[in-house]
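Chemist: Chain by chain, the residues:
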Amino acid sequence: MKTDYLVALVMSTSICCGGAARSADVAADAQKAALSKTIETCGTCHGINGRSVSPTFPNLAGQTAPYIELQLHAFKDQSRGDPDAQAYMWGMASPLSDTMISALAAYFAAQPPAKGTPGNAALIAQGKTLFEQGVPARQIPPCASCHGANAAGLATFPRLAGQHAPYLLRQLLVIQSVLRTAPVMHGVIKDLTRDQMQAVVVYLESI
Amino acid sequence: MTCTEHRWSSRTFLPWLGAGLCIALASPGWAVPSYARQTGMACAACHTVFPELTPFGREFKLNGYVLDNIKQVTGIDTSGGPTLAINSLPPVSMNVMISYTHTGAPLPDSSLKGALAKDGDVLFPDQVSFFYAGKIADGLGAFIQLTYDGAADHFGLDNTDIRYARHISFGGANGNDHSLIVGVTLNNNPTVQDVWNTTPAWGYPFALSGVAPGPITSAKIDNGAGGFGQSVGGVGVYMWLDSHFYAEITNYDSAIPGGAHPLDSTDSNVVQGLAPYWRVAYEQRWDRNSLEVGAYGLNASTHPGNGTALAGPTDKYRDAAVDAQYQFIGEDHLFTVLATYISEHQTLDASVIDGFAANTDDNLKTLKVTGEYFYRRKIGGMIGYFSTTGSTDTLLYQPAAVTGSANGSPNTDGYILEMDYLPWLNTKLQIQYMGYEKFNGLSTNYDGAGRSASDNNTLYALLWVAF
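These protein sequence lines are chains A and B, in that order.
Under the working numbering, read the first sequence as residues 1 to 207, first letter to last.
Under the working numbering, read the second sequence as residues 1001 to 1467, first letter to last.
None of these hints come from the bench; they were simulated from the model.
Please read all numbers here as calculations on a predicted model, not as lab measurements.
For glycine and all other residues, C-beta sits at the position ideal for the given N, C-alpha and C.
There's no promise every hint is true.
Unchecked claim - Straight line, CA to CA, 25 Å or less: simulated PhoX-like cross-link-like pairs of lysine-lysine:
1) A:Lys115 x A:Lys128
2) B:Lys1438 x A:Lys37
3) B:Lys1438 x B:Lys1365
4) A:Lys76 x B:Lys1071
5) B:Lys1071 x A:Lys32
What the hints assert, rightly or not - Label-pair distances were calculated between CB atoms; the ranges are:
6) A:Asn150 x B:Asp1253: 40 to 50 Å
7) A:Asp77 x B:Ser1079: 49 to 59 Å
8) B:Gly1075 x A:Asn150: 46 to 56 Å
9) A:Ala110 x B:Leu1089: 31 to 41 Å
Please take these sequences and the hints and turn them into a complete structure.
Modeler: In structure tokens:
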């Protein structure tokens, strides 16, 4: 009787454990499938590898994970309200869970970044100076001080290297006009001219 | 909605006024707010100004209309596999068009010989459409349009495209250097599945008068009087590689609404076998620009029907076309250029035997070019040129008041001027003027009954709302 009881206990335990393992597997598979499906959705504009074809949409490959997370939360809670954010990302980000946001950020951060695209040499030289030295006469600090010497980004300061110039220019404009809130940047670029913006974004696209 | 009269109909079936007045140079295209509700994206994400698609709008359509952010009703099987994924709210939309049409000269009264009808025609509604437009299941989406046509007092299935698409990535160290969308489309109008607004189903003009006289014919793939329009059904496969290369093959067969079923000699323009449609395109995007160049075509063998048996010799149509689109989508300024050139070769063995055509070999060539400008998607306009030239065939194109040709020629050309104002992205006020230099072969007395091409010049005022 005692033996029977033990056998039954072991069996039931093993069934329970097996069931739990199976259900964990199913949950993990479902999570993996959901992530893969969501990456497909993001990839429609940003490229599944995070390197977008259309310069309207930013490259995400190699972007810092904290920055991607911050922005996805800002789209989701609608605190980032520039026109393109409203038109595209409010809708797309609204169903994302915190877990999914972290997983997406990790995925895109791990993709090899886009390679630089050559551009106008004179503009690139001007942009490089501006990026590395700022405009001391107008109290514009070097971009490199936050975004890194190679513009690879750091934590919530985004990677800018290899990013599409038209996208970067649009962000500078919407940040300057405070359509997009970016507290540090408002002060930094308030006196940046459109020509200076153009030079710096062409430089950033080239590296 | 596209009218699908057949080019011999002016002699055989229609009096000088009637269904032939349905111009149908192009189907009205539609923007569908249910997609906006499904994705949470504003109209401007997918459209420059509706119904023209942006690069993202093209991606959305090629992905099978399934991108969503709306709460889903889902089901899974015991292994966790999905069995259902459907929007919690149905993706239903409505379009309403109310119009006024004025032609250069009044049209003949339909019952009193020699008398003229009232000049100026209000259509309330011009068209009302109901849509199911959105996701059906994972990877499966639809654009299904039911339209009430105010002029015809008819309610029926309009442009419909149901598609299934999958995304595949491959290549490179991470296996994702390349992105490929492969899909299947089931649709009822050749080119309704296309995404560049250059091909006939969604080409310019996006909306035009349904009660003004229209040219006597068009190529099979085009959406005028000679086109298949929505009288076919087709299944096709397509691929979209790296957001650059598009290729598609779709096979069509007749699916004629109304009339005899199975199709018999009382039907007309009946496809024999299958009519393959093909499409290739390349798109490049840079800065705020995109440029597409492509080619498409259709091969069809048809029985004329119209009282002749659906057996024996057939008419053969070989359509080959090229197209190009340029878009600039800036913050304030938007430009688009749309162009297509369609060449059709006709081998009319059956029509010659049946007395519907004089020549065995005819051809038809159509050019359409349109330029658009909009300021902040609010106010803008378009200017368009269209031209059709073709073989003279005195049996195919016969004299008939208003709709016929006095000299047996289908040659028609003219221009379109349009002004649009959109107080909101889903509301368009349109004033369009269509002027003809030549109509059905001639500038003056083109129909043999004294009507000039310019008498068909049409002023079309339209209120178009989508919600």
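Chemist: Can you list which hints this structure breaks, lowest number first?
Modeler: Hint check: 2, 6, 7 fail, others pass.
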